[in-house]
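Chemist: Sequence:
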Amino acid sequence: MSPFIKKIRDSVSGVKPKDLIYPGIVFLFAIIVGIIFILSTRFIARSIDTAFSGDTGKGSSSLNIENYTLVSRKLGISTEVRKESANVPVETSIPSAPLATTTTQVLDKKAFTLNILNSTAKSGLAGAMAQSLESVGYPKAKTGNEKTLYATTTVAVKESKSAIGEALINTVRETYPDAVSTTSPETALFDVIITIGTK
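At position 26 of the sequence shown the residue is numbered 26 (the UniProt record's numbering), and the sequence of numbers has no breaks.
Any given hint could be a false lead.
[Claimed, not checked] Below 30 Å or equal to it, Euclidean Cα-Cα: the simulated DSSO-like pairs (lysine-lysine) are: (1) Lys161 x Lys109; (2) Lys74 x Lys16; (3) Lys110 x Lys161; (4) Lys161 x Lys147; (5) Lys142 x Lys158; (6) Lys122 x Lys142; (7) Lys158 x Lys199; (8) Lys158 x Lys140; (9) Lys6 x Lys16; (10) Lys6 x Lys109; (11) Lys140 x Lys161; (12) Lys199 x Lys140; (13) Lys199 x Lys161; (14) Lys142 x Lys161; (15) Lys147 x Lys122; (16) Lys7 x Lys18; (17) Lys122 x Lys110; (18) Lys199 x Lys147; (19) Lys122 x Lys74; (20) Lys110 x Lys74.
[Said to hold, decoys possible] Derived DEER-like restraints, expressed as beta-carbon distance ranges: (21) Ala111 x Ser78: 33 to 39 Å; (22) Glu186 x Lys110: 18 to 24 Å; (23) Val15 x Phe52: 51 to 57 Å; (24) Phe37 x Ser2: 36 to 42 Å; (25) Thr175 x Ser78: 56 to 62 Å; (26) Ser2 x Gly34: 33 to 39 Å.
Rather than coming from a laboratory, the hints here were simulated on the basis of the structure.
All C-beta atoms in this analysis are idealised placements derived from N, C-alpha and C, irrespective of residue type, glycine included.
Start from the sequences and build out the full structure, keeping to the hints where you can.
Modeler: Pasting the structure below:
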């Protein structure tokens, strides 16, 4: 017998079954992890292939009309089948419209409520603006301070008072050329709110 085989035989004969428990458990665990890894990679590969191929293997899908009807009722969607409309001849002549007459409407500068707020650190700007507007025919304004600092002067006008807003923004721009106009909600306390900004 060769010395190499004899050496292996001596080392194996010295091993007791009790000494093989932990290495056996580790070996078994490695085999289980390997099998799970192989199965999971196959599953992931198949899922990716199915997702990118677009083939679900179920054939064409159809609409479940019963479920569609239930959902459409809850959402308030009509389920009636629309019939093709028949071609109905439409009269192609255009009736002549009456000529519009131009009327000049006189703006009543006092027919709205006005609030002027100063958002800057400089005191007296709202009062000065109120006096300036009152001197050219606008109503007496309520003045105060705005807690938030505005970069530009803003004129917020209710939509129902938009006619006066155009004239008012032009007057405000004489003092604050960068002033902008916005629309305020109809529920606002004042018809027009001017917020004086740094520009």
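Chemist: With reference to the structure, classify each hint as holding or not holding.
Modeler: Hint check:
{"no.": "1", "hint": "Lys161 x Lys109", "verdict": "holds, 11 Å"}
{"no.": "2", "hint": "Lys74 x Lys16", "verdict": "violated, 75 Å"}
{"no.": "3", "hint": "Lys110 x Lys161", "verdict": "holds, 12 Å"}
{"no.": "4", "hint": "Lys161 x Lys147", "verdict": "holds, 26 Å"}
{"no.": "5", "hint": "Lys142 x Lys158", "verdict": "holds, 17 Å"}
{"no.": "6", "hint": "Lys122 x Lys142", "verdict": "holds, 18 Å"}
{"no.": "7", "hint": "Lys158 x Lys199", "verdict": "holds, 23 Å"}
{"no.": "8", "hint": "Lys158 x Lys140", "verdict": "holds, 18 Å"}
{"no.": "9", "hint": "Lys6 x Lys16", "verdict": "holds, 18 Å"}
{"no.": "10", "hint": "Lys6 x Lys109", "verdict": "violated, 119 Å"}
{"no.": "11", "hint": "Lys140 x Lys161", "verdict": "holds, 17 Å"}
{"no.": "12", "hint": "Lys199 x Lys140", "verdict": "holds, 23 Å"}
{"no.": "13", "hint": "Lys199 x Lys161", "verdict": "holds, 25 Å"}
{"no.": "14", "hint": "Lys142 x Lys161", "verdict": "holds, 18 Å"}
{"no.": "15", "hint": "Lys147 x Lys122", "verdict": "holds, 13 Å"}
{"no.": "16", "hint": "Lys7 x Lys18", "verdict": "holds, 21 Å"}
{"no.": "17", "hint": "Lys122 x Lys110", "verdict": "holds, 28 Å"}
{"no.": "18", "hint": "Lys199 x Lys147", "verdict": "holds, 17 Å"}
{"no.": "19", "hint": "Lys122 x Lys74", "verdict": "violated, 58 Å"}
{"no.": "20", "hint": "Lys110 x Lys74", "verdict": "violated, 52 Å"}
{"no.": "21", "hint": "Ala111 x Ser78: 33 to 39 Å", "verdict": "violated, 47 Å"}
{"no.": "22", "hint": "Glu186 x Lys110: 18 to 24 Å", "verdict": "holds, 20 Å"}
{"no.": "23", "hint": "Val15 x Phe52: 51 to 57 Å", "verdict": "holds, 52 Å"}
{"no.": "24", "hint": "Phe37 x Ser2: 36 to 42 Å", "verdict": "holds, 40 Å"}
{"no.": "25", "hint": "Thr175 x Ser78: 56 to 62 Å", "verdict": "holds, 57 Å"}
{"no.": "26", "hint": "Ser2 x Gly34: 33 to 39 Å", "verdict": "holds, 35 Å"}
Going down the numbered hints, you'll see the structure goes against 2, 10, 19, 20, 21, while the others check out.
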